[in-house]
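Sequence lines, in order, name chains A and B. The first sequence begins at 2 in this note's numbering and counts up by one. The second sequence begins at 3 in this note's numbering and counts up by one.
Worth double-checking, as some hints may not be accurate.
[Claimed, not checked] For lysine to any residue, the following SDA-like pairs were computed, each having C-alpha atoms within a straight-line distance of at most 20 angstroms:
1) A:K106 with B:K249
2) B:K644 with B:E65
3) B:K644 with B:D577
4) A:K106 with B:A91
5) B:K644 with B:Y212
6) B:K521 with B:I720
7) B:K249 with B:F131
8) B:K249 with B:G224
9) A:K106 with B:G478
10) A:K113 with A:G52
11) B:K249 with B:G478
12) A:K106 with B:W477
[To be verified] Pair ranges (Cβ atoms, derived):
13) A:S17 with B:E759: 54 to 64 angstroms
14) A:S130 with B:V269: 55 to 65 angstroms
15) B:A368 with A:S130: 25 to 35 angstroms
16) B:A474 with A:D110: 45 to 55 angstroms
Think of the hints as simulated: they come from the structure by calculation, not from any bench. These figures come from a predicted structure and were not determined experimentally. Backbone N, C-alpha and C define an ideal beta-carbon position, used for all residues, glycine too.
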Amino acid sequence: MYGSGEAQVIALRGVSVDLERGRYTAIMGPSGSGKSTLMHCLAGLDTVTRGQVFIGETQVTGLGDAGLTRLRRDKVGFIFQQFNLLPTLTAQENILLPLSIAGRKADPDWYKTVIETVNLSDRLGHRPSQLSGGQQQRVACARALVARPEVIFADEPTGNLDSRSGAEVLGFLRNSVREYGQTIVMVTHDPAAASYADRVIFLGDGQIVDEMTEPTAEAVLDKLKGLDVGTGGA
Amino acid sequence: MLRASLKSLFSRKLRLTLAIVAIVLGVSFLSGAFVLSDSLTARFEKLLRSINQNVAVQVMPTEEAADDDPQPLLTQQQVDALAQVPGVATAQGDVTALGVIPFDVRDGKPVTTQGAPQIGGGVTGDDPFALVSIADGRWPTAETEVTISRYTAEQAHAAVGDRLKVYLPEVNEAREFTLVGIVAYEGDRDSLAGETLILFQEAFAQRTFYGAEGRFSGAYLGTEPGVTQEQLRDRVAPLVPAGFEAKTGEQANEDAANEVQEGLSAVTTYFFGPFAIVALLVGIFLIFNTFNILVAQRAKELALFRAMGASWGQVTSSVLVEAVLVGVVGSTLGLLAGIGLGMAGSSALTSFIGAQLPGAGIQVGATPIILAYAVGVLVTVIAAFVPAVRASAVPPLAAMRDVARPDKPLLALSIAGTALAVPGAALTGAALTGIGGLTLPALLIGVLLFFLGVTLLSPLLTRPLAGLIGRAVGWGISGQLGVRNALRNPRRTAVTAAALMIGVTLVSTASVLAASFNKTIDETISSTIGAEIVIQTNSTQGPPDGTIGFSSEAIDEVRALPGVDQAVPFYLTVDARVDNGSPPFGGVFAIDDLAVARDMFALKAVEGDLRTLGPDEVVADQNTADSRGWSVGDAIPVELNKGGERPYRLVGVYESTPIWTDTMILPQAAVSNFNGPLAFQAYVSLDDGTDPGTVIPEVESIMSDYPLVTVGDRSSLIDQFTSFTDIALGIISVLLGVAIVIALLGILNTLLLSIYERTRELGMLRAVGMSRGGVTRMVGTESVVMAVFGCVLGIVMGIALGVAIATALIDRDFLTTIAIPWVSLIVFVLIAVVAGVLAALWPARRAARLNVLAAIAYE
C-alpha cells in the first residue's frame, strides 16, 4: 500500500510532501499552480530534474521506460478526466484491461465487490459509446480499483461530468478509501470535489502554500479565495 | 482559398509522399517503355545510317515480292545496266542469305544469337561501300574458303587457318571451310547488333543460295558528287525489273528504323504495360485512401472554410487542386524515373543481345511526356474525387466542436456491391461459356464489375473474415487489441486491403491457369504421346515453313537405328491460306504416315478414318472442323507457301486435345509446296526394353549437322511447353512485387492515421502498464490482419476467376484439368504476413515512442 512517511516528494520548486497510505488526498490550486505536474511526477509519467519520488519502497525517479511501465502496471491506477476507455472493448474488458496487460487474473471476489460497488453489473457487456459519462467514469474507477494498486491517481475525475454523476463518482472513491483502505491522490480545482477528501494540499506557483484536513466545500473555497489574493491571482 | 489549401498541402508532405510514390511507379513504367523503345530506335537508326552511309540508292525486292518463292533475283546484266546509269559511281550486287550458322570450333556446337540474324554473304574482294574491311587474313577466293566477322570468330572460337563448319540453309547441310580472314565493321566494330556474318566466294554463294551464278538479291548504288539520291533514284527507276523497287538510302534507313521501332515498342509495351496498369490500379486505392485521410484530418479546417463562407464547390475544388498538384509532382518524378528506367533498359538490352550499337543519347519524345502527365493527373483526380465531395459535406458546425463521425452503415455500400458483383459474375460466366456469343469485351467488363462489386462488399466482409484471421494472429492482449483496431473501421481496413487484393487476385488467377496448363501438358504428354525421344527445332531464326529443321534422310537414318520402333516426322508451316482464310493457329502439319502417327499419339477418330493419307486428302481436329463448318467429304481449298491453291478432301476428323487443337494434317506430298523440305519435329518410339538414354546420343549425332535441332526425352518436351508458363509466372511474380510495395505504403498510411487518431488511447494503454513491446505488437497485428485480409480476398477471387477461365478453356480443349497451386497460394499469404510486419515497423515505432504524458493530457 501507499507509503506512510517514506513517500517523500520533492517536486516543482523544492516541494516536499508526504502522502499517507489509506487516505484520500486532494491536490488543489489554480491553473498553472503545478498541481497536474506534481501528480504526473508522483505517478512516474513525468520526470523530475532534481530530487526523488518514492511509491512505497520503490524509488520512481531513475527508473527507465521498462521500470516505469512495470511500476504503472503493478502499483499505480489512473482515472482520467476524459475517461479514456478503449472504444473497441466492452465495459468488462475495459475494467480487466490492466490485469490482461499484466497477464494476471482478477480475484473473483474482489472483482464482484468492485462491480457491485460501482453498480455496473447490468452494463458489463456494453461498449463505452453505449454508456453515459457517469457510467463511463465508473467503469474507469473500477478499472483502477480492480488491480488493487498501491495508489490511484485521479486527474480531475469529475471535470467532464454533471454534478450528480460527479457526486456519485466522488462518493464511490471515498468509499473505496474508507471501506477497502485504498489510497487515492486526486487533482481537482473544484472545492466541492475536494471536500470528499481527507486532506487537501494547496499549491500555488509550484509550491505548497497550505493544507487542510477534514475539509468542507466552504472552507476550501474560502482558503482558495485567500490564496488568490496572497499569490496575486492565478 | 487556393493559397490556404496549398499551405495545408505542404504541411502534410509525408502523407502525400506516399500517394505520390504510387503515381511515380505507374508513370515511370509507362514513360520508361516509350523512352526505352525511342532510345533504342535512335541507336538502331544511327547504326543503319552508318551501314548505309555510302549507299545512295538501293534496288531491293518490293515488300510483296520479298516473300515469293522462288525469291525475285537480279541478273548480272541487270546489275551491270544499273552500273551504267550516268551518275552511278559504284554498283554492287547483293548476295546474302539468312540462317547461315557457324559451329563452334572447340566443342562442335552451333553458334546462336539472341534473335539477331545469322547472315551469309558472297564477296569478290574489298567492299566498295567500306562497311566491312579485312582486319586479319584476306577475302575468300576459293569455294572452300570463308571470311567471318570478328564477333563471329569470337563466338565460334575460330582463328585464321582453322577449319570452320558452317550450316548452309538452302542446301540443308553443314560443310567445312577454311577460315582465311576476319573482317571488322566500319568504325572497328566487332558486330553491328549481335549478328553473325560469314562471307563466301561470290560465285559459290550464288550457286548455293540462288542455284546459279550471276544472280543477286538486290543491288546497292553509290552516287557521283553533285548527283542527289533522289535524282539517282529517278534515273535508275526505268531499269528496275518487276518485283523490285529503287529506294534512296535515306528512305531505306527510315523504313528500316520504323520497322525496328514497331518491333521494339511492341516488346516494351507488352513488358512494361502490365506493370504500369497494376501500379496505377493499386495506386488509385492508395491515393483514394490518402485523400480520405487528409480530408478526415482536416475536417475542422474545412468546416472553418465553410463557416467563413466558402461554398460547397470551393471546398471540393480545393481538394481537387491538391490532387492535381500531387498528380503533377508524381508525374514529373515518374517521368524522370521512367527516363532512368529507359536508359538502364537500353544498355541492359543491348548488352544482352551482344550488340555494339552506337550511342545516340536518351530520346524523350512528346508522347511519354504527354502520356505521363495525362495519366498521372487523371488517375490522381479520379481517386481524389470521392474524398473531395466528402470534404464538401463537412458541416460548418464541425468547426466549433468535435463532431463525432459515426461509421456510416454499410448497407448502401453492400447493396451497391452486390448489384455490381452479381451481374459481373454472371457476365463473366456467360462470356466464358460463350452464351449468346459474348466475347472478350464482355469478359473484361464482367471481371471489372465483379472486381468493383467485391471491393464495395469487402467492408462487409471485414468483420467476419478479418476477425477470423485475427483469431489466428492475435496472440495475447496486445494482439487482440490490434485485431479489434483492424476491425474498428471496416471501410478503412477494406480500402487498405483492396490495394493488395488487386495484385494478389491477378497473380492467383495467373497461377491457377499456369498450374492447370502445366498439369494438362504433363498429363496429356504422358498419356497420349507414345514416343520416348523427341526431336525439335529451335524456331528463333524464323517461323517454321520447311526451311528450318532436318531432312527426311536424317529421319530415315534414325529409323534404321537399332532399338528404334517408329519415327514420325512433322513437317510444319504456319504460313498458309486455308478455306480462303487464316490457317489453324496450331499450324498446318504434313505427316508421311498418319496411321503410325494415329497410334503414337492415340488420336481418336470422331468422324471418317485416320489412315495413311492419299496425296489429295486432309484430316483436321474437331474444333477446327466445327468452327469452320467442315464435314467429311468436303473439299478444302489450301494454299501453301508456294504452288498455288489446290483442294484437299477431308477424310477424317480427330478428337481435339490440348496438343492437337486447331490443327490440320496434310499428306507428305504437300511438303513440296512448303518453302523448304525440312521436317520441324519428329517423335521416335523405341522397342520394348530399349533405354532412351542409349539411343539419344546416336540420334544427336545424326542431327549434329542441323544447328537448330535438339534431341531429348519426353520430359524435355514437357519442359519446352511449360517453359513459357514459367517465364510468364516469373513476370507475374515481379508484378506482385510492385503491387505489394504500393499496398505496403497504403497500410503504412492507414496505420499512421490510426495512430494519430488514437494517440489518447495509446497513452492510456501505456499509462495502465502496456510496455513499448506491447504497443509494437498491437500495431503490428493490426497491420498483419489488414495485409492477410487483402491477400485472402485476392486469393479467393483469384481462384474463382482462374477456375472460371480454366473451365472455359477446358470447353475449348486447351486444358483437360484444373490444378490449384496451393503451395504458391500459401506462399502469397506468408508474403502478406511479412509485408504486414514491414509496413508496421515504422508506425509501430512511432506509437511505442509516444510521449505518454502528451498523449493523455487534454487541450
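Hints versus structure:
no. : hint                                   : result
1   : A:K106 with B:K249                     : violated, 93 angstroms
2   : B:K644 with B:E65                      : holds, 17 angstroms
3   : B:K644 with B:D577                     : holds, 10 angstroms
4   : A:K106 with B:A91                      : violated, 104 angstroms
5   : B:K644 with B:Y212                     : holds, 17 angstroms
6   : B:K521 with B:I720                     : holds, 10 angstroms
7   : B:K249 with B:F131                     : holds, 17 angstroms
8   : B:K249 with B:G224                     : holds, 12 angstroms
9   : A:K106 with B:G478                     : holds, 14 angstroms
10  : A:K113 with A:G52                      : violated, 41 angstroms
11  : B:K249 with B:G478                     : violated, 80 angstroms
12  : A:K106 with B:W477                     : holds, 17 angstroms
13  : A:S17 with B:E759: 54 to 64 angstroms  : violated, 41 angstroms
14  : A:S130 with B:V269: 55 to 65 angstroms : holds, 58 angstroms
15  : B:A368 with A:S130: 25 to 35 angstroms : violated, 57 angstroms
16  : B:A474 with A:D110: 45 to 55 angstroms : violated, 35 angstroms
Figure legend: structure checked against the earlier numbered hints; hints not met, in rising order: 1, 4, 10, 11, 13, 15, 16.
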